[in-house]
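S.K.: The residues making up each chain are set out below.
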Amino acid sequence: MRPGALDEDRMERSRRVGWIDLDKLGESKVLVIGGGALGNEVVKNLVLSGFEDIAIVDMDRVVLSNLNRCLFFTEDDAKARSFKAEALAQRAMLMNTTSRVRGIVSRVQDLEEGAFQESDVVLGCLDNIAARLHVNSHCYFYGCPLIDGGTLGTSGKVQVVVPPKSPCLQCSMNRTHYRAMEKRYSCTGSDTVFFEPKLAAEITTTSVIAALQVREAIKILSGKEDRCIRHLLHYDGLTNRMQELEVPLDPGCPLHEGQPSK
Amino acid sequence: MSVRVKVRNAETGSTVDMELEEENTVQEIIEGAAGYWEKDAGAYVLRKGKRLLRGQQTVLDASIGNSDDLELIPDPEGG
Chain A
3 MRPGALDEDR
13 MERSRRVGWI
23 DLDKLGESKV
33 LVIGGGALGN
43 EVVKNLVLSG
53 FEDIAIVDMD
63 RVVLSNLNRC
73 LFFTEDDAKA
83 RSFKAEALAQ
93 RAMLMNTTSR
103 VRGIVSRVQD
113 LEEGAFQESD
123 VVLGCLDNIA
133 ARLHVNSHCY
143 FYGCPLIDGG
153 TLGTSGKVQV
163 VVPPKSPCLQ
173 CSMNRTHYRA
183 MEKRYSCTGS
193 DTVFFEPKLA
203 AEITTTSVIA
213 ALQVREAIKI
223 LSGKEDRCIR
233 HLLHYDGLTN
243 RMQELEVPLD
253 PGCPLHEGQP
263 SK
Chain B
11 MSVRVKVRNA
21 ETGSTVDMEL
31 EEENTVQEII
41 EGAAGYWEKD
51 AGAYVLRKGK
61 RLLRGQQTVL
71 DASIGNSDDL
81 ELIPDPEGG
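These protein sequence lines map, in sequence, to chains A and B.
Taking this note's numbering, the leading residue of the first sequence gets 3, the next gets one more, and so forth.
Taking this note's numbering, the leading residue of the second sequence gets 11, the next gets one more, and so forth.
Read the hints as simulated data drawn from the structure, not as lab findings.
Just so you know, not all the hints are guaranteed correct.
Unchecked claim - Cut-off 16 angstroms, straight-line C-alpha distance, at most; resulting in silico cross-link-like pairs (EDC-like, lysine to aspartate or glutamate):
(1) A:Lys26 / A:Glu227
(2) B:Lys60 / A:Glu88
(3) B:Lys16 / B:Glu41
(4) B:Lys58 / A:Glu227
(5) B:Lys58 / B:Asp27
(6) A:Lys185 / B:Asp50
(7) B:Lys58 / A:Asp122
(8) B:Lys60 / A:Asp122
(9) A:Lys167 / A:Asp228
(10) B:Lys49 / B:Glu31
(11) A:Lys226 / A:Asp122
(12) B:Lys58 / B:Asp71
(13) B:Lys49 / B:Asp79
(14) B:Lys58 / B:Asp79
(15) B:Lys16 / B:Glu38
(16) B:Lys49 / B:Glu21
(17) A:Lys200 / B:Glu33
(18) A:Lys46 / A:Glu115
Claimed, not checked - Derived Cβ-Cβ restraints for the label pairs, each shown as a range:
(19) B:Gly42 / A:Leu24: 17 to 25 angstroms
(20) A:Asp228 / B:Asn76: 32 to 40 angstroms
(21) B:Arg14 / A:Lys26: 25 to 33 angstroms
(22) B:Lys60 / A:Asp11: 35 to 43 angstroms
(23) B:Glu32 / A:Glu204: 40 to 48 angstroms
Just so it is clear, the structure is predicted and the values come from calculations on it, not from any experiment.
Backbone N, C-alpha and C define an ideal beta-carbon position, used for all residues, glycine too.
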């Protein structure tokens with residue numbers, strides 16, 4: 003070994019962790035759904051962690067109010083109204099030229115089924131319940147682990163769904179979720195009204211939640227599934243409280259027909 | 011038989027005492043507490059200890075008993 007050789011290996015410090023299977027991360031296909039604030043942080047963490055095959059799905063364009071929490075977007079993106087998925091993919095690849103990061107401009111509901119089937123893990127970085135339910139059911143059907151993140155001001159959550167064993171996102175929902183969803187897609191009879199509530203959001207909470215999401219993905223792909231969050235981790239940045247919460251499997255949930263309630 | 015519980019607002023730390031019947035559901039508790047604190051129309055969950063309670067469960071099913079402490083938590087929906 004020659005002096006300085008260790009500093010020429012991009013992943014040398016990650017190798018020292020010991021349990022992280024860097025070969026597995028490099029060859030795994032990751033699907034990131036949502037290219038907003040969580041999507042930016044998740045993709046940054048994925049690329050730095052050694053993931054090399056990443057697809058990002060988002061239909062939206064960059065606006066100036068995204069720039070308080072989106073590392074990869076610029077004022078020029080906002081002026082040009084660039085597609086989030088494309089801007090994110092282009093900038094992320096600059097961090098590691100061997101990585102393949104693809105931006106897919108699409109609604110998640112229009113995504114080809116194969117995208118779920120071929121993915122080793124899905125990271126949910128969404129901002130609405132309807133899209134979460136869509137991703138949840140597809141991941142469950144194809145047996146693909148889903149790590150869903152959500153933020154609200156200085157609080158957030160991460161839920162890890164590993165089919166067919168664990169409860170899913172739908173199991174943790176109740177009538178308030180469906181009311182919130184109905185309000186967003188309310189129909190007046192002649193038209194559909196899209197009500198998009200502007201939720202409080204800032205970067206420090208986003209960073210914490212995205213970091214947790216990517217770490218859970220690393221655990222799953224490195225054979226440390228038994229060390230994953232079980233089932234949901236709630237974070238309150240104002241009171242510094244982080245707690246793991248158990249989600250009971252809902253026997254009435256269509257994804258768990260025939261499974262006993264836990 | 012009715013039970014008295016304390017529901018805590020995770021956002022503010024304030025609490026409210028609620029008197030419940032065995033057949034009341036968890037989502038009724040959520041809606042009652044959210045209404046009491048005049049919360050925004052959003053998604054909420056209720057936890058008892060380390061367990062999230064399922065919306066359709068009744069007080070009896072969820073083993074909610076006298077003097078239990080429950081917590082109402084906004085479900086973070088943003089991304």
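S.K.: Does each hint hold? Answer for all of them.
M.R.: A quick look at each hint next to the structure:
1. A:Lys26 / A:Glu227: Within the cut-off at roughly 14 angstroms; holds.
2. B:Lys60 / A:Glu88: Distance of about 40 angstroms is beyond 16 angstroms: violated.
3. B:Lys16 / B:Glu41: Roughly 15 angstroms between the alpha carbons, so the hint for Lys16 of chain B and Glu41 of chain B holds.
4. B:Lys58 / A:Glu227: Cα-Cα ~26 angstroms, so violated.
5. B:Lys58 / B:Asp27: 15 angstroms, holds
6. A:Lys185 / B:Asp50: It holds: about 12 angstroms lies between the C-alpha atoms, which stays within 16 angstroms.
7. B:Lys58 / A:Asp122: Roughly 34 angstroms between the alpha carbons, so the hint for Lys58 of chain B and Asp122 of chain A is violated.
8. B:Lys60 / A:Asp122: Roughly 29 angstroms separates the two Cα atoms, so the pair is violated.
9. A:Lys167 / A:Asp228: Given pair Lys167 of chain A, Asp228 of chain A holds - Cα atoms ~12 angstroms apart, limit 16 angstroms.
10. B:Lys49 / B:Glu31: 23 angstroms, violated
11. A:Lys226 / A:Asp122: Holds. Lys226 of chain A to Asp122 of chain A sits at ~15 angstroms (cutoff 16 angstroms).
12. B:Lys58 / B:Asp71: Cα-Cα ~13 angstroms, so holds.
13. B:Lys49 / B:Asp79: 20 angstroms, violated
14. B:Lys58 / B:Asp79: Status holds; Cα separation ~7 angstroms.
15. B:Lys16 / B:Glu38: 15 angstroms, holds
16. B:Lys49 / B:Glu21: Measuring from Cα to Cα gives roughly 10 angstroms; hence the hint holds.
17. A:Lys200 / B:Glu33: 36 angstroms, violated
18. A:Lys46 / A:Glu115: 26 angstroms, violated
19. B:Gly42 / A:Leu24: 17 to 25 angstroms: For Gly42 of chain B and Leu24 of chain A the Cβ distance comes to about 51 angstroms; the hint is violated.
20. A:Asp228 / B:Asn76: 32 to 40 angstroms: 37 angstroms, holds
21. B:Arg14 / A:Lys26: 25 to 33 angstroms: For Lys26 of chain A against Arg14 of chain B, whose Cβ atoms are near 52 angstroms apart, the range 25 to 33 angstroms is violated.
22. B:Lys60 / A:Asp11: 35 to 43 angstroms: 41 angstroms, holds
23. B:Glu32 / A:Glu204: 40 to 48 angstroms: 42 angstroms, holds
When each numbered hint is compared with the structure, violations occur for hints 2, 4, 7, 8, 10, 13, 17, 18, 19 and 21.
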